[in-house]
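Asks: Protein chains in written order, with the working numbering: chain A, 1 to 511; chain B, 1 to 300.
One should not assume that every hint holds.
Claimed, not checked - Pairwise CB distance ranges, derived in the manner of DEER restraints:
1) B/41 - A/11: 42 to 50 Å
2) B/269 - A/77: 25 to 33 Å
3) A/77 - B/200: 38 to 46 Å
4) B/190 - A/184: 44 to 52 Å
5) A/11 - B/73: 35 to 43 Å
6) B/254 - A/14: 45 to 53 Å
7) A/163 - B/190: 15 to 23 Å
To be verified - Covered stretches of chain B (in silico footprint by chain A; criterion: 3 or more residues with CB under 8 Å from a CB of chain A, positions within the stretch not fixed):
8) 169–183
9) 186–194
10) 252–264
Because the hints were derived from the structure by calculation, they are not lab data. Everything numeric in this text was worked out from a predicted model, so none of it was measured. Yeah, the Cβ is synthetic: ideal placement off N, Cα and C, and Gly gets one too.
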Amino acid sequence: MKLGGNPLRDTQDRRLPQIAGPCGLVLFGVTGDLSRRKLIPSIYDLANRGLLPPGFALVGFARHDFGRRGFAEFAKQAAKDGARTEWRESVWKQLYAGVRFVEGSFDDDAAWKRLHETLGELDRTQGTQGNHAFYLSIPPGLFPLVVSKLKEHELAAPTEEHPGAWRRVVIEKPFGHDLASARELNRIVDEVFPPESVFRIDHYLGKETVQNVLAFRFANQLFEPVWNANYVDHVQITMAEDIGIGTRAGYYDGIGAARDVIQNHLLQLMALVAMEEPVSFDAKSLRIEKQKILANARPAPRLDLHTAHAQYVAGWAGGEEVQGYLDEEGIPADSHTETFAAIRVDIGTRRWAGVPFYLRVGKRLGRRVTEVAVVFKRAPHLPFSSDDVEELGENALVLRIQPDEGVTLRFGAKVPGTVMEIRDVNMDFAYGGTFVEDSPEAYERLILDVLLGDPPLFPQHDEVELSWQILDPVIEHWARQKTIDTYPAGTWGPASADEMMARDGRRWRRP
Amino acid sequence: MQITLEHTNASQIARALVRARKASGSPAMDMVLTLIVVCDDETVTEALHAATILSKEHPARVIGVILGSGSGQADLHAKIRVGSETSGESVLLRLSGRLVKHAESAVLPLLLPDSPVVVWWPGQAPTDPSADAMGALANRRLTDAEAAAQPVRHLRAVARHYSPGDTDLSWTRLTPWRALLAAALDQVRSPVTGGLIEAGTGNPAGVLLEAWLEDRLGVPIRWRKVDAEKIRRVVLETEAGDVTIERGANGSAAFSVPGAGQRTVPLPTRTLAELLAEDLRRLDADAIYAATIKHLLASS
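Chain A with its partners taken away, still in its complex shape (with noise of 0.2 Å):
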């Protein structure tokens, strides 16, 4: 079947790489240290793999006097350093053709006209008919003012010249800090882009990783008739970084580990885990079922009992001795803001009563690690002795996202001799030794995807607003307390995390 009108492209084939269409990019905050690491060296990659059309503008905007010389510098400094994908100068040049800069503020109206030119000049000269993207890698604060200002500046909607054209705008996570401030943000920039237009962003969950567990959920016949209340017992979702906050303080101090990490990513994860079949798996069959999740999902009852949350203090983690979080640059004295939040989520639906979702989050834990742990219920007959199952655990099937993708399920096995005894062992699947090698890294086809205008598993402002719907209350339990717990650095979290668990007869997994 050919595709789109072209006679070259055709579904069955499938070694053509999909290329975007003629296009630019526009980089807000284009000297901070998410565009620097990643936005750049992977507008690099992208372009030496051939995924970008000829003639691919890219276009910064800070307030800085690069020139544009200075910011190509900049810019190929950045792509060198952070470049997973071999070292072209070829490729460079042919990307410097494209490169411009626009010099000002964000509340300076010169500079937005001057971008408004320079978007003018790129589709006479680079070819890009008036189609670009806009990516805001800027504080959420600024997010208002800077729509806005694409609205004022005629910058949001196509031109005359190319009326058939696109504009899009790129958001990164956290979408709001509560429920009331993620309304405002998503009626302001729905008022400026049409839904489709508008891409959010959790860089945490790579596209790749939310269709791994897709056809490991729905392409398999064995693991769906255990997938419920009758099988599992429980779930645990952790996030655990090994990481303080480093420079991110002027961020992270006030948003906290629940806002900055669960609010998005561990209740997507949490979503795709729980979640009935989609009818297919477009964007729109695939929110339909999370919505129904996140809306049927809850914090348990008693917020004291079933939440966790606390500050990392001076320790020994990986064999480093490192400081406590209030002692690091930028965090006032008496911050409260939370570095490890764990929370329990109850979901109300048939498949789910009664099996609780553990959901954890923290930096400065025990190794860097996210994986999704299935929990399933002990065998209600063990035909052997007491002392022979002493070291069975309960068996577990474990989604395991990053670092090392893969899966393992954790069962019983006889210990080979002549005693009978049982005891726990793995069994591991791995996504290919370094497969990850070759493909494409998060943020290259995230990037890939907002130039092709596929949005399939960004999450809209329905899902978004839900999410607040299920943290807020924990947020404001937390607000009221004194005091918060505190975890020394490097290890597996406070006590009271653990006491969480113990209330439910449960205890967390060592990932």
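Assemble chain B onto chain A, guided by the hints.
Replies: Same frame as chain A, now just chain B:
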């Protein structure tokens, strides 16, 4: 870990594989396919090097088969390597004597259970790959017309015996060209009225490109013979003007479409390992390749 076996048989090799795997702590448990490389002393080094790089993306049991002289006593030597520098396992078989005619019997017991088998002839391939005893073991058969003495002739011969699962590496080499041409027509929405390929004669990738374009576009494509090893230039004539892509230096190409200035785009020459990696990403039949060679055979 490396084990060398002389005057051996397949079951001893299979046992040695298990031993090697245990000794290296089972590094190769998630192999996804068996790759058989049928080669001779000349091609073996380069081919196995490519297969080793490849097994990083597709962890595989690589079975190199060197067919020695067919006369004399049947004999089999094997070299087994597990763990070090490869993600999978590799076995190099050296066959001689009457065994050469029954090489598949030494390979069959070594195939991974239940997973796909790919056979690749880095040198001269049989003209009917799926009827070949070794080819019959596989779901995917990779030939390389460029390695043949008369590449285009060989390509046609193999095409005549096409069976789903066959592809030629010259088709794989063509993908960057096809991607650029498709990208060009993404931008130019105007019917194509004709076209031109500049390449040396005897270039199998060029022949496939011509057939593909004619098949997809339904217009005749002219061929201008130039003194070049690779495809040098492709022009598509449209009602809006010409699309031209011309190979430049350093893995780039000049790309021009009506209504926009000339631009430089990447057109890298890929390594053997990269080509194989592309091929192994899909293990089902390539319908577009089938349609292309069908057109190729019909038009001559």
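Asks: Output the indices of the hints that this structure fails to meet, ascending.
Replies: Violated hints (numbers, rising): 5, 6; every other hint is consistent with the structure.
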